[in-house]
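> Listed below are the residues making up each chain.
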Amino acid sequence: MRWVGRSLLSVVPVVVGVVLCVFFLIRIVPGDPAAMILGDQATQASIDALHEQLGLDLPLGTQLWNWLVGVFARGDIGTSLITSQPVAGLVWSRAGITAGLVLLAVGFTVLLAVPLALLAATHAGSWLDQLVRVVPTIGMAMPAFWVGLLLILVFGVNLHWLPVGGVGTGPGEPLRSLVLPAFTVALGMSPPLVRSLREQLLEVLDADFVVTLRAARLPRWRVSSHVLRNAAVPTVSLLGLNVAYLIGGTLVIEKVFAINGMGALLFSSISSRDFPVVQGIALVLALVVVVVSLLTEALVALLDPRIRAA
Amino acid sequence: MTGTATRTVPRPGVRWLRRALRNPTLIAGAVIMLVVLALAVFSPTPYDPFAQDLDHGLDPPSPAHWFGTDQLGRDILSRVVAATGTDLRIAVLAAVVPFVVGVAVGLVSGYAGGWLDWIVGRVVDTFVAFPFYVLVIVVVFAAGTGERGIYVAYALVGWISYARVIRAKTRSLCRQGWVEAAYGGGLSHTRVVGRHLLPNVLPQAVVLLMTEILLIMVAVVTLGYLGLGVQPPTPDWGTMISDGQLFLTTKWWVSTLPGLAVVTTGVGLSLLGDGLADVWRLR
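Keeping their order, the protein sequence lines are chains P and V. The numbering used here puts the first residue of the first sequence at 1, with every later residue one more than the last. The numbering used here puts the first residue of the second sequence at 1, with every later residue one more than the last.
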């Protein structure tokens, strides 16, 4: 219980920081957002009008106060300039598909990274280990969107196994449409994960309890099951550490596969210069990352009593 | 250092170089990067990368055009080579400010500790919460697309990774007696940090720099793909890949071949980083 309280408390400065950061990010960067939104042909009068609509004509302190009150007291993160809808609603309407994609990607990542890391760690020093170490080096150098295009070429165009754009309707179709994009995200996520997981698994394999189990002549698979249970902790915490990266990557991949999620909303808002929506998406995603990190920490503490005790 | 005694044992620089020359990873990385750098600097393009030839648009790879031509009949190989200059230059320049700021912040907050360290820690936590691409995209959106936006974005967010790593390293060094001994021996804080701690954390920072240049390059290419990075007609791997996506199903070479350039450069950088880490015995 003490642990829960302490973790919640540690999140408070980060949440405040995120809300402030989103506010200042757009304002400290050189350039006038209103002029940016209206483009080259804007008259001074129209710029002034937009300043008033966005509240940018108010003193900075008042703007900050309004923003903080809006976010914390009313959960109001702004209104779209283009559609006049609340940003929160817009984000919510796209959140489902992106969340589905992220979850599927996490599943694929675990299925890819854990066996590879295990293989490398149990055969440390062998050619298999070398291979598992070299492949991620190449993987890290591949832009994820390009890998996505290659997968489209191979599995969509040549083999016709999977749909390659948009999200289909009908039984099972949405899931089938998300397989390739999720796999692309997983391929991008796996290299760093395999590397760190291999290191951590080597430590587990060296642990006294494993030596004892081996000495007791337990069959290999039973030793493995103990190792795997201990490997779950670093896997979960590494996934938690990388959740921000995962979400960012997912948004870009949505564009490759023409998926109408939060990435699509972000990019269309950028081209229509819908500044409150862009700001709102950044805020929501950062808060999601904070919450997910907290949840993974809690999960790790549940799995590993040593952390709770610390 | 006076002569005779040091003759028998090679100087540290010489020993370092010998170790470096025996490291295959480092050599491979250095060779790849030298070739890429030469391409970037001399830009030996077989054709004018801007010359359009609308009669020969989307030609497949052939002896005349090794990588084929794009939708405007421009030679893809020439554009890939020309883009090396653009993308590598941006990646390297964008890495400078974060490197300097990040190392300085990491050193100072790790050495000073206390409230300063607490504040730096919270700022780092805050930035880390943002999905990286979202943060960069928002800054580029606000600062304007193209090169300038990328520099501003990285100056704002790029220092985080150095600050984290260097802070941790500095703290562990500070726990070793010699740092306290140096201060206790009458050296000023500035001298302890600048002359004693800095040289000890610099190898780590340089290794990280290689990874960061790689990540920035991939990000520049990704921004180009999204239409937020380098603007046409300047050759850039990302915009080339994005242009080709329209014809992906029938003209595979337009998108795929520029991607190979990204992968080659990236592998070179990562091998260089891994090799340096080996030679400096950081792992």
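Hints may contain errors.
Quick partial rundown of chain P residues pointing at chain V, CB under 10 Å, derived from the structure [unchecked claim]:
1. R6
2. V15
3. L20
4. I26
5. L64
6. I138
7. V147
8. G248
9. F267
10. A282
Just so you know, the hints here were simulated from the structure itself, not pulled from any lab data. Here a beta-carbon is modelled for each residue, glycine too, at the ideal position from N, C-alpha and C.
> Report the numbers of all earlier hints that the structure fails to satisfy, in ascending order.
Numbers 1 and 5 - these are the hints that the structure violates, sorted from lowest upward.
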